[in-house]
Amino acid sequence: MPKPFKPQIVTANDLLMGDVIYLTADGSWSRDHADALVAQTQDEADELLAQAAAQQLKVVGPYLAEAQIGTDGRPGPVHFREAFRTRGPSNYFHGKQAAGVEA
Amino acid sequence: MYQYTDFDRDFVNARVEEFRGQVVRRLDGSLTEDEFKPLRLMNGLYLQLHAYMLRVAIPYGTLNSRQMHQLAYIAETWDKGYGHFTTRQNIQYNWPKLADVPEMLQALADVGMHAIQTSGNTIRNVTADHFAGAAADEIEDPRPTAELIRQWSTDHPEFQFLPRKFKIAVTGSPNDRAVTKAHDIGLRMVRNEAGEPGYEVIVGGGLGRTPMVGKVIRDFVPKAELLPYLEAIMQVYNLHGRRDNKYKARIKILVHEESLETMRERVDAVFARIKGDFEVPTEILTRIEGSFTAPAYKIAEIAPVVEPALQSFIDTNVAEHKNPDYGIVTISLKGIGETPGDATARQMRVMADLAERYSHDELRISHEQNVVLPHVHRGDLPAVFAALREAGLATANIGLVSDIIACPGMDYCALATARSIPVAQQISETFADLDAQRDIGPLKIKISGCINACGHHHVGHIGILGLDRAGVENYQITLGGDGTETATIGSRTGPGFAYDEIVPAVKRLIEAYLDLRESEEETFLQAYRRLGLDPFKSALYEQEKAHAA
Numbered sequence: 001m002p003k004p005f006k007p008q009i010v011t012a013n014d015l016l017m018g019d020v021i022y023l024t025a026d027g028s029w030s031r032d033h034a035d036a037l038v039a040q041t042q043d044e045a046d047e048l049l050a051q052a053a054a055q056q057l058k059v060v061g062p063y064l065a066e067a068q069i070g071t072d073g074r075p076g077p078v079h080f081r082e083a084f085r086t087r088g089p090s091n092y093f094h095g096k097q098a099a100g101v102e103a
Numbered sequence: 001m002y003q004y005t006d007f008d009r010d011f012v013n014a015r016v017e018e019f020r021g022q023v024v025r026r027l028d029g030s031l032t033e034d035e036f037k038p039l040r041l042m043n044g045l046y047l048q049l050h051a052y053m054l055r056v057a058i059p060y061g062t063l064n065s066r067q068m069h070q071l072a073y074i075a076e077t078w079d080k081g082y083g084h085f086t087t088r089q090n091i092q093y094n095w096p097k098l099a100d101v102p103e104m105l106q107a108l109a110d111v112g113m114h115a116i117q118t119s120g121n122t123i124r125n126v127t128a129d130h131f132a133g134a135a136a137d138e139i140e141d142p143r144p145t146a147e148l149i150r151q152w153s154t155d156h157p158e159f160q161f162l163p164r165k166f167k168i169a170v171t172g173s174p175n176d177r178a179v180t181k182a183h184d185i186g187l188r189m190v191r192n193e194a195g196e197p198g199y200e201v202i203v204g205g206g207l208g209r210t211p212m213v214g215k216v217i218r219d220f221v222p223k224a225e226l227l228p229y230l231e232a233i234m235q236v237y238n239l240h241g242r243r244d245n246k247y248k249a250r251i252k253i254l255v256h257e258e259s260l261e262t263m264r265e266r267v268d269a270v271f272a273r274i275k276g277d278f279e280v281p282t283e284i285l286t287r288i289e290g291s292f293t294a295p296a297y298k299i300a301e302i303a304p305v306v307e308p309a310l311q312s313f314i315d316t317n318v319a320e321h322k323n324p325d326y327g328i329v330t331i332s333l334k335g336i337g338e339t340p341g342d343a344t345a346r347q348m349r350v351m352a353d354l355a356e357r358y359s360h361d362e363l364r365i366s367h368e369q370n371v372v373l374p375h376v377h378r379g380d381l382p383a384v385f386a387a388l389r390e391a392g393l394a395t396a397n398i399g400l401v402s403d404i405i406a407c408p409g410m411d412y413c414a415l416a417t418a419r420s421i422p423v424a425q426q427i428s429e430t431f432a433d434l435d436a437q438r439d440i441g442p443l444k445i446k447i448s449g450c451i452n453a454c455g456h457h458h459v460g461h462i463g464i465l466g467l468d469r470a471g472v473e474n475y476q477i478t479l480g481g482d483g484t485e486t487a488t489i490g491s492r493t494g495p496g497f498a499y500d501e502i503v504p505a506v507k508r509l510i511e512a513y514l515d516l517r518e519s520e521e522e523t524f525l526q527a528y529r530r531l532g533l534d535p536f537k538s539a540l541y542e543q544e545k546a547h548a549a
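Residue numbers (this note's numbering), protein chains in the order written: chain A, 1 to 103; chain B, 1 to 549.
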């Protein structure tokens, strides 16, 4: 029996800067996980990933990551790896936490 | 120190220009990421968790003050003001922007450095004993051999696409400070019955998901025959190494699956065929060896040490030099609560200036993620200590519980499955008191954030492996590992510990050791070898059971 689909977002790294970005509803990219467009079906997820993969001049290594909808209705990370990617390293105040992006 | 020839300079500069063009073509869309990725990796440029990462080679861990100053300049100009020194004697910059990397590579080339072969399925940066050329116990300086191997392996056309990456380490001392038995090839200088120096050749060591201690394939290879013998090993590995499964593509698997005897027969057959073709011209060997002559040691007064803090620093961080008036100073990059292996640009400059003034312009990077001033006159130790203390670099903890190896882990690395750095920071904070650390005695804790074992956890007296268990960080402990000439792979104790449980678990282990040791002279490793796993396992898990009950 196939596993039930869990909501997913598309994330990647910015080609020029290397930092973590998320595909949004208008097809652009945001540094903020909460701006990510959430796929609710596997077909939607596959379509978003294909859309991201076509943007070779903007992004590197797009992939699907599981997301959960918070009380504010916006997506947040599920796995701790994705949570770390929303803020930066734990030993220095670098990365998104220093850039003021909300986790 | 070895100085680049015109050939070296031209080669490295040409690679910088080549990569500059490749970056332009990636950014204008002429190259896809699939096309560009192998090209950037050939120049040490990775894409990690939060940013790109540039890995710079420091061949056999040796550099001069000008090069260290340039590393500081690069850190400030194109990164976030610091660099991370690794167990492969490299430095990694964690935040470069793609468009800046050619300029970073040019800045490196300007001082005879590069990032070539710091990635890919090729012969990686050759590592060596960080006390090379200075150690009191040394048979001969291994660096001319390491440099010869660097020149032979760099851009070697046959070995750019090996089954997997390939790591070579060299030591010239019987006391192994280069972890030679955990490398694809380890070279240990020995003397034959006639007293001539040569190398014992060890193959098939390695850590990662299948940790193995290397095996001696030849007891003695004369120095003059080393290069053709290495060529023979590489040819055999390149031909017979598995390519069907990347996890089984290392030479250790080939040796294990096909036996050391089969490997030896094949290597000997190739060696017999090719050795006449690999004679290195005498002038090349003479030039290389001439680059590593001992510095002009000075003769000066040595005042008695009266300051207790300096004496503690000397006792812990200064090793015996072949010249008794000199000492080898290890600068700890493991200050309490700090990130193992990290140095700020300011600290790099302080170390560079100290090397220039007090260490005959030489520095070393150790595989234990520290920096070494190899030739310091004992009369200069007070001045060196004072300058280090001023820069926050005088932590007297070398070889002690807080001198921890930790890979970047999931704070930076795209391969990692859990964090290493905060675990190391918390352990060092738990044992912050240096007197207490000295009471515990020599103890090597090594932490890896994934099964690839960059933190060498398998050869830690206490090894910690971070894993992902159902979406939660979990840490396994191994005990009894040893990375020296008596190399041993540590034994796993049992189930892993959660992130907030791992540091208390390590504390229980160390408290158990303090209770169990026969005397203050018995080290953790000696106690473990005498007692075995069980009493330590009890200390780890009995309290877990009690806590759960």
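Please keep in mind that the hints were generated in silico from the structure rather than gathered at the bench.
For clarity, every value in this text was computed on a predicted model and none was experimentally measured.
Yeah, the Cβ is synthetic: ideal placement off N, Cα and C, and Gly gets one too.
A portion of the hints provided could be inaccurate.
[To be verified] Each computed BS3-like pair below joins lysine-lysine, with the alpha-carbon atoms no more than 30 Å apart: (1) A/K96 - B/K80; (2) B/K37 - A/K96; (3) B/K248 - A/K58; (4) A/K96 - A/K3; (5) B/K215 - B/K298; (6) A/K96 - B/K97.
[To be verified] Non-contacting residues of chain B with respect to chain A, defined by C-beta distances greater than 12 Å in every case (computed): (7) D28; (8) K37; (9) Q48; (10) K97; (11) I288; (12) E320; (13) G441.
Unsatisfied constraints (hint numbers, rising): As far as the earlier hints go, 3, 4, 5, 7, 8, 9 and 10 are violated by this structure, in ascending order.
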